[in-house]
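J.: What follows is the residue order along each chain.
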Amino acid sequence: MKLQKGTTLALYSMLEFAANPGKQLSAAEIAEKYGASAHHLAKVLRELGRAGLVESARGVGGGYRFSGNATRLTLMDVIELFEDISTRTGESDEFDGSSDVGRALGAVMSEIDEIAKATFRSITVDTMLKLIQRQRREASAAQAPARGK
Amino acid sequence: MTQSDSNEDTGPADLRVRPVDAADLGEIIAIDAEVTGLEKTDYWYELFHRYGAGRTRQKLFLVAESGTDIEGFIIGEVRDWEFGSAPCGWVFGISVRPGARLAGVGARMLEAICDGFRHAGVHKVRTLLARDNGLILSFFRSQGMMAAPFIPLEKELD
Ligand SMILES: CC(C)(COP(=O)(O)OP(=O)(O)OC[C@H]1O[C@@H](n2cnc3c(N)ncnc32)[C@H](O)[C@@H]1OP(=O)(O)O)[C@@H](O)C(=O)NCCC(=O)NCCS
Numbered sequence: 001m002k003l004q005k006g007t008t009l010a011l012y013s014m015l016e017f018a019a020n021p022g023k024q025l026s027a028a029e030i031a032e033k034y035g036a037s038a039h040h041l042a043k044v045l046r047e048l049g050r051a052g053l054v055e056s057a058r059g060v061g062g063g064y065r066f067s068g069n070a071t072r073l074t075l076m077d078v079i080e081l082f083e084d085i086s087t088r089t090g091e092s093d094e095f096d097g098s099s100d101v102g103r104a105l106g107a108v109m110s111e112i113d114e115i116a117k118a119t120f121r122s123i124t125v126d127t128m129l130k131l132i133q134r135q136r137r138e139a140s141a142a143q144a145p146a147r148g149k
Numbered sequence: 001m002t003q004s005d006s007n008e009d010t011g012p013a014d015l016r017v018r019p020v021d022a023a024d025l026g027e028i029i030a031i032d033a034e035v036t037g038l039e040k041t042d043y044w045y046e047l048f049h050r051y052g053a054g055r056t057r058q059k060l061f062l063v064a065e066s067g068t069d070i071e072g073f074i075i076g077e078v079r080d081w082e083f084g085s086a087p088c089g090w091v092f093g094i095s096v097r098p099g100a101r102l103a104g105v106g107a108r109m110l111e112a113i114c115d116g117f118r119h120a121g122v123h124k125v126r127t128l129l130a131r132d133n134g135l136i137l138s139f140f141r142s143q144g145m146m147a148a149p150f151i152p153l154e155k156e157l158d
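For the protein sequence lines, the chains are R and D, in the order given. Under the working numbering, the letters of the first sequence match residues 1 to 149, in that order. Under the working numbering, the letters of the second sequence match residues 1 to 158, in that order.
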């Protein structure tokens with residue numbers, strides 16, 4: 001399953017905001033960090049704002065801050081604001097169901113899609129933040145002996 | 001799960017997780033009936049017989065108790081060399097009374113059963129969940145569990 005560019009920017013942004021609750025961040029800052037266009041990011045943030053996941057911060061610099069519920073907001077909730085993957089089935093995409101072969105290949109694709117969807121539905125922003133921290137700890141533990149040399 | 005995911009600080013202050021006792025079965029059956037809509041008395045007595053009260057280090061059936069109330073239970077076991085994979089802990093049942101949820105009871109019980117698994121000498125815990133049970137999937141995910149390198153398979157037996 002491939003996500004569109006806007007969707008991936010929305011995921012990056014939500015994790016960036018949720019990791020810094022209360023802090024205001026601008027489209028330009030996030031765009032720079034993830035190598036994206038500030039224009040595209042501004043559009044994505046407006047959409048997240050309309051959904052109530054971020055709120056625009058008044059005052060110098062503008063920008064937005066997190067206003068979602070990190071322990072309840074799932075990756076799927078964010079994805080679905082930008083594209084509809086929940087109704088996606090293998091059959092309707094790459095393979096044409098008008099032949100036996102196409103239907104069998106479609107069944108395999110939909111198996112894969114179902115696992116992807118269940119994964120996005122079960123992971124909250126808070127769970128992602130914990131995962132990011134764990135990966136950081138593991139990375140620094142792996143580097144520690146090297147540094148000691 | 002790693003030790004650093006410990007949830008010892010969560011849960012009601014007087015919460016205690018301990019091995020199940022025969023006297024708890026009435027409340028366990030009631031919690032299960034409230035959650036699943038089915039009262040499976042024989043099943044629970046049978047499960048108690050096989051997993052209850054510290055019969056072996058390999059089988060764990062724990063309850064969470066707050067005051068005199070049973071708030072939930074968790075069941076698991078150490079499974080050896082299934083399809084060639086090293087022994088690991090399996091959690092195959094968890095339930096928290098609906099009125100006691102979102103207060104850290106589930107997290108405390110999972111941590112307790114993981115301690116039991118460590119004590120039995122294993123270093124990995126697994127579980128198998130219905131893909132459409134978002135609640136329980138989110139719970140285990142929030143506790144640091146991720147997809148295992150296995151794929152569950154099935155077919156109709158006709
Ligand atoms: C899954 C279950 C065990 C969780 O128990 P709990 O005591 O409410 O869980 P905790 O309070 O320890 O929650 C720990 C984390 O799990 C996640 N979680 C729990 N309930 C959640 C929910 N409704 N939505 C999203 N995430 C949830 C959260 O990340 C939570 O952390 P938070 O409190 O910081 O938000 C409980 O909801 C339950 O018994 N559900 C029914 C299970 C079932 O179907 N059993 C029958 C088959 S065995």
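Among these hints, one or two may not hold up.
Below are the DSS-like pairs computed for lysine-lysine, each with C-alpha atoms no more than 30 Å apart in a straight line [to be verified]:
1. R:Lys33 with R:Lys5
2. D:Lys59 with R:Lys2
3. R:Lys43 with R:Lys5
4. R:Lys33 with R:Lys23
5. R:Lys130 with D:Lys124
6. D:Lys124 with D:Lys59
Keep in mind the hints are simulated off the structure, nothing from the lab. All values derive from a computational prediction rather than experimental measurement.
J.: Confirm or reject each hint.
T.: Verification of the hints:
At most 30 Å may separate the alpha-carbon atoms for a hinted pair to count; Lys33 (chain R) and Lys5 (chain R) meet this at roughly 15 Å. As the CA atoms of Lys59 (chain D) and Lys2 (chain R) are separated by approximately 42 Å, the hinted pair breaks the 30 Å bound. The straight-line distance between the Cα atoms of Lys43 (chain R) and Lys5 (chain R) is roughly 12 Å, inside the 30 Å bound, and the hint therefore holds. A threshold of 30 Å between alpha carbons decides the hint, and for Lys33 (chain R) with Lys23 (chain R) the separation of about 16 Å falls inside it, so the pair holds.
Among the hinted pairs, Lys130 (chain R) with Lys124 (chain D) is consistent with the structure: their alpha-carbon atoms are about 19 Å apart, no more than 30 Å. Simply put, Lys124 (chain D) and Lys59 (chain D) have alpha-carbon atoms about 15 Å apart, close enough for the 30 Å limit, and the pair holds.
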